[in-house]
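Residue numbers (the numbering used here), protein chains in the order written: chain B, 222 to 334; chain H, 4 to 115.
Just so you know, the hints here were simulated from the structure itself, not pulled from any lab data.
Please read these numbers as outputs of a predicted model, since none were measured by experiment.
A virtual CB, placed ideally from N, CA and C, is assigned to each residue, including glycine.
Hints may contain errors.
As the list claims (entries may be wrong) - Going by beta-carbon spacing under 8 Å, a handful of chain H positions derived as facing chain B: (1) Gln44; (2) Pro78; (3) Phe106; (4) Gly107.
Unchecked claim - Mimicking SDA-like on lysine to any residue, the simulated pairs with C-alpha atoms at most 25 Å apart in a straight line are: (5) Lys103/H - Val266/B; (6) Lys326/B - Asn245/B; (7) Lys292/B - Lys60/H; (8) Lys278/B - Gly102/H; (9) Lys292/B - Ser308/B; (10) Lys60/H - Pro78/H.
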Amino acid sequence: KNQVEQSPQSLIILEGKNCTLQCNYTVSPFSNLRWYKQDTGRGPVSLTIMTFSENTKSNGRYTATLDADTKQSSLHITASQLSDSASYICVVSAQQAGTALIFGKGTTLSVSS
Amino acid sequence: DGGITQSPKYLFRKEGQNVTLSCEQNLNHDAMYWYRQDPGQGLRLIYYSQIVNDFQKGDIAEGYSVSREKKESFPLTVTSAQKNPTAFYLCASSIVFDGKQFFGPGTRLTVL
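Same shape as in the complex, but just chain H:
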């Protein structure tokens, strides 16, 4: 897990509610990423940030939003517009963009 933390580990949400997943790193990495992992599927990129105050959409950004106000933090909000939010969410960071990525322990989100 190496200096990158995610909270909470498990999260339950009712349909129609927004929820924010936390990701913090103390590795002084410039780049941060959010992925979604579904059973039997490869990781899919939601959003990434190359540097503070900047972020870009990944392959499946619809229904998600992010912010990067601090270098250490890259929170992900799952909005009610996300039709199938139940999944395992992974945050990662790297020294520079597209460098070796270090992953957090993940947050398992379940929509009830």
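Chain B extracted, bound-state conformation:
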């Protein structure tokens, strides 16, 4: 069964600290992996998209890594800011007829001052 598991479920960090969010998946055949940021009550916004051949991709203070062998991805946030408080969603796309985007439940990050 295609699944995307994210950890931790929630996280609280102090402003200025770094953090890493995890995503494990069992999606096959794999097409790409996406990270989205969703502010409360808003639609998700794309941070990164990685294909099988990409190991890392950065978007400002956000760096995503992908290990296709172990089927794991991480999202590293550097020098966190209060505006980073949001839910971070990992989404894996499967190669098959019809759309097969499998969404994780997200990690809720709270950055405090």
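Given the coordinates of chain B, assemble chain H onto it according to the supplied hints.
The following block gives chain H in isolation, referenced to the frame of chain B:
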């Protein structure tokens, strides 16, 4: 939100009533999608459309209907057959099917 709009932002409905959620995009995207988001759950696909005049059921299509008469518009109707319609509904679009998706701001539907 990038060129994709949803209205209304909040919607209240009495049990037994149909209600239509609007989704419009000016990004010239071919593909559009409707998702439902419940607390503590991942997004679930309701319907998607790869191109105008075409749409396909997603994972949880029962109790919902859509139309795609114009490229820019993909309205979702929540019918009285949907047993638990209270949720946050998100519309998205992408240049091509299964491409990078841009999401609208969402509509929060509450059934009274």
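Structure-based check of each hint:
The criterion of a C-beta within 8 Å of any C-beta in chain B is met by Gln44/H, whose closest approach is roughly 6 Å, and the hint holds. Hint status for Pro78/H relative to chain B: violated, with the closest Cβ pair at about 17 Å, above 8 Å. Restraint check, Phe106/H versus chain B: the minimum CB separation of about 3 Å is within 8 Å; hint holds. Because the smallest distance between the Cβ of Gly107/H and any Cβ of chain B comes to about 5 Å, under 8 Å, the interface hint for this residue holds.
Distance check on the hinted pair: Lys103/H and Val266/B sit about 10 Å apart at the alpha-carbon level, within 25 Å; holds. The suggested pairing of Lys326/B with Asn245/B holds, with an alpha-carbon distance near 12 Å, which does not exceed 25 Å. About 28 Å separates the Cα atoms of Lys292/B and Lys60/H, which puts this hinted pair outside 25 Å; it is violated. Between the alpha carbons of Lys278/B and Gly102/H the distance comes to roughly 17 Å, so the proposed pair stays at or under 25 Å and holds.
A distance of roughly 21 Å separates the Cα atoms of Lys292/B and Ser308/B; the hinted pair therefore holds under the 25 Å criterion. For the hint linking Lys60/H to Pro78/H, the alpha-carbon distance of about 14 Å falls within 25 Å, and the restraint holds.
Consistency note: the structure conflicts with the earlier hints numbered 2 and 7.
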